[in-house]
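Trainee: Listed here are the chains, written in short residue letters.
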Amino acid sequence: MIEIEAKPWQTMVLHAERLYPNECCGAMLGHNKGGHKVVTESVPLENSFAGKQNDRYELKPEDLLAADKAARARGLDLIGIFHSHPDCDAYFSETDLKNSCPWYSFVVLSIQNGKFDHANSFLPDLDQTAAEPEEMKWPRS
Amino acid sequence: MAKILIPTALRQFTEQSDSVEVTGATVAEALGALTLRFPEIKKNLFNDQGKLRSFVNVYVNDEDIRYLDKTDTKLSGGETLSIVPSIAGGATALEEQAPALTNDEIARFSRHLILPEVGMQGQTKLKNAKVAMIGAGGLGAPLGLYLAAAGVGRIGLVDFDVVDVSNLQRQVIHGTSDIGRKKLDSAADRMKEINPNIRIDKFDTGLSSENAFEILRDYDIVVDGTDNFPTRYLVNDACVLLKKPNVYGSIFRFEGQATVFAYEDGPCYRCLYPEPPPPGLVPSCAEGGVLGILPGIIGVIQATETVKLILGIGEPLKGRLLLYDALGMKFRELKLRRDKDCPVCGDHPTVTKLIDYQQFCGITPMSTQPTTTSDSAVIDALELKQKIDRGDKFVLLDVREVHEYQIAKIPGSVLIPLGDLPKRLNELDKNADIVCQCKSGGRSQKAMDLLKQNGFQHVRNMTGGITAWSDKVDPSVPKY
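Respectively, the protein sequence lines represent chains R and A.
Counting in my numbering, the first sequence runs from 13 upward without gaps.
Counting in my numbering, the second sequence runs from 25 upward without gaps.
Keep in mind the hints are simulated off the structure, nothing from the lab.
Positions of the beta carbon are idealized from the N, C-alpha and C atoms, including for glycine.
Since no wrong hints were added, every one of them can be taken at face value.
Example chain A residues on the side facing chain R (calculated, C-beta under 10 Å, incomplete):
hint, residue
1, 31
2, 33
3, 67
4, 81
5, 86
6, 109
7, 114
8, 222
9, 223
10, 224
11, 229
12, 238
Listing some non-contacts, in silico: residues in chain A with all C-beta distances to chain R over 12 Å:
hint, residue
13, 60
14, 63
15, 349
16, 357
17, 361
18, 379
As a list, the in silico SDA-like pairs of lysine to any residue whose alpha-carbon atoms are at most 25 Å apart:
hint, chain 1, residue 1, chain 2, residue 2
19, A, 503, A, 278
20, R, 127, A, 204
21, R, 81, A, 85
22, A, 154, R, 124
23, R, 127, A, 241
24, A, 67, R, 47
25, R, 110, A, 152
26, R, 110, A, 110
27, R, 72, A, 84
28, A, 27, R, 73
29, A, 27, R, 85
30, R, 81, A, 39
31, R, 81, A, 36
32, A, 67, R, 140
33, R, 45, A, 64
34, A, 27, A, 84
35, A, 417, A, 402
Construct all of the structure, not just a fragment, from the sequences and the given hints.
Mentor: Structure below.
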């Protein structure tokens, strides 16, 4: 179960809507207490995919490293990665799965016509063969 | 000695240490020392073949070992090693994905797959099909359910309405707990529940001349489940101009129609109805009523035609208008032909872009306003209540139908249905103070106009009708 607080959630949605029609990506920082994750900060990161970014994203490892360091410095954990699916459902695609990492929650935001529509969180397995849906809470307006 | 920084996610395996000091002459040895000390971490970094997992990057100081000697990269002591996952992904447009059916889908669609007319090839066509549904109401309900169940891979829903209790008598895609929700959300949830593999694009808007091309462009087939003439003409013209088939259905009281317009050399809606009816002549479902089951059968006919078009099997309902009469339980068929003089699909079209369909259908912003705008010509529910309480002598003339009067009425009202009014004018005193009232104010407006034309001096229209009375004065009066 992952719970995203209002401020980081706002940052994520804004980032996703601003980068529409391209995909956005970023990191989520917070606490993980026995599987109950609370996101208290979110960090928009650059989509470094070389090519059309409307249906692909890639995180720079050094950005991820920096996000992990930033989390450490604030006494937080890097607990999740978010990215957007422009004009597409918030599902965990084959591309998402094959390039995922089991250490994090993966939150996908569906942006339809430039506006946030819905979101889902997924937990990929070690072998990148399947991703389980994770219960997710966010401040619904 | 080298220092390995442990990512926060892996610290559960290192007794919460954020860095671990290890010895090793190469990266492989250093990581080996780490997994020896903390065995649990091993499966997170290495696969069963002992190779570094594809998502694991190792940095020596600031250098990615992929650009050095990989895990053979030498360490001289004092380096900092970082473990960084590589993460990417993307929605990847469906058409780029291998369209083959998964084993789950093969199981799900087995009754389709054993039909030689469908088979793997047909089911794959359905999976790759893109259908736009205009409206998630009466016709949209069976359409959405069956298109989702049939495995249509991508469905665009266009609707801006919310679920109302009065919808549930026929709009079976929505439930009681959905009242107040957007029809889009309610319908999409239900469709996903039936078939989680489909992609649903939600368009929370009315279809308009401004957005129609943008919305419909991505779809192969458009299914019209609308209930009003402006949108019907708009859908028709957009489909003709975009060269997409328009699977049409309409319902009224106990009768329905269905056909496929703008398909191949077939006719379009304008070939059948070049001009819209005058506004108000054909009542909507809200005004005229509709048998709840009727949209079920018409919507299912539309769904059948849609699936046939995708599969390319059978005889499409092209050039034939199917008429259904629920009371007589009869189907009839009318032949339709493309009109070579049709303004949109004819040989020399005059409509080559989308127009203002509200105006085309005679619906101007003015006509929704009372024709007589002086304040003395209208009275609202609260004023009417005061008038009754004061004991004013006046006639409250209810112009609805008898069966509506039986559902609910305002005490003291006199019933003369609008259709009977012209021949029953003699029952009313031309000098009397008269307030006309109906369900929501439309018919009573017409009644007032009629009375005034016939020399009645003191006539007013009750705005909002008995619905407003229920809302503002007496909630015990049921709304229908």
